[in-house]
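K.L.:
Sequence:
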Amino acid sequence: MNTMASAAAATTTGAPDKTVIGYPALYNHVAAGTAYQCGVPPPSSYPQAYRTVGPRHSGSRPSFLCRLIAAATVLFAILGLVFLITWLVLKPRLPEFRVDSVSASPLNTTGSQLTAAWNITLVVRNPNTKLSIYYDRLQASVVYRDLSQISTMPLPPFFQPKRNETRVRFQLGVVGQYVGEDVATEISDERAGGSVGFGITVFAWMRFRTGSWWRTSQSLLRVYCDRVQIGFDPSKASGSLTSQPGSCEVDLE
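Heads up: the sequence shown begins at 5 in this note's numbering, then just goes up one per residue.
It should be emphasised that the hints constitute simulated quantities derived from the structure, not laboratory data.
Do not take every clue at face value.
Said to hold, decoys possible - Cβ pair distances, simulated, as ranges:
no. : residue 1 : residue 2 : range
1   : 79        : 181       : 50 to 58 angstroms
2   : 165       : 107       : 27 to 35 angstroms
3   : 143       : 74        : 38 to 46 angstroms
4   : 168       : 256       : 16 to 24 angstroms
5   : 133       : 190       : 40 to 48 angstroms
6   : 257       : 117       : 32 to 40 angstroms
7   : 112       : 162       : 32 to 40 angstroms
Glycine included, each C-beta is placed from N, C-alpha and C at the ideal position.
Let's have the full structure, built from the sequences with the hints guiding it.
P.N.:
The structure is reproduced here in structure tokens:
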């Protein structure tokens, strides 16, 4: 009887009790007819070899070259700022040039050749109240019409203190120089009309300086004095400046 009761109990429950075996959760899911939904085991249950490892950030310091470039950039920026502030405080102004006197003796043309000598005096003024000017190299020329150089010569260097005015005297000359038949004819016609217009150019390599602590690098100064009229008396071979020209054009490169 007891045996039949046990068999009946087994038939009623439909399956032996697995609780005592240690699989209650798994057995209950299967017994309920549901799918296995235990999911992926927690990450801690993965073997060490399969764990996800994030990217490693390099802890190396910037290279010496990078640090050197950064330091040089900062240094140049500071020096540039200091130079700009100094420039704004000192307010450099370009020198002023004007023609003071010009004479030509003789001035003759023969065919396509020119013989002439010019005595020229320029007035150079330094308008700066805080800066001196050094003219390290100078070159003066006499030109005609289309800026064709007729005669060129170097000038001696000189120094200008603040608010200084200096007269620069020099002589240019040519003897039997070829200028072309057209140019020679134009000069001859102008001379017969009473005056000839020439131009005077000056190239100067200059620099500003104040005391011994600040100075600029050399810059090219271009000076052009346009249409300097030299009057001629038909009875004389020489000519002189007919009127006082204005200030010359001055540019700095």
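K.L.:
Against this structure, judge whether each hint is valid.
P.N.:
Hint check:
no.: 1; hint: 79 - 181: 50 to 58 angstroms; in the structure: 54 angstroms, holds
no.: 2; hint: 165 - 107: 27 to 35 angstroms; in the structure: 30 angstroms, holds
no.: 3; hint: 143 - 74: 38 to 46 angstroms; in the structure: 44 angstroms, holds
no.: 4; hint: 168 - 256: 16 to 24 angstroms; in the structure: 18 angstroms, holds
no.: 5; hint: 133 - 190: 40 to 48 angstroms; in the structure: 45 angstroms, holds
no.: 6; hint: 257 - 117: 32 to 40 angstroms; in the structure: 34 angstroms, holds
no.: 7; hint: 112 - 162: 32 to 40 angstroms; in the structure: 33 angstroms, holds
Consistency note: the structure conflicts with none of the earlier hints.
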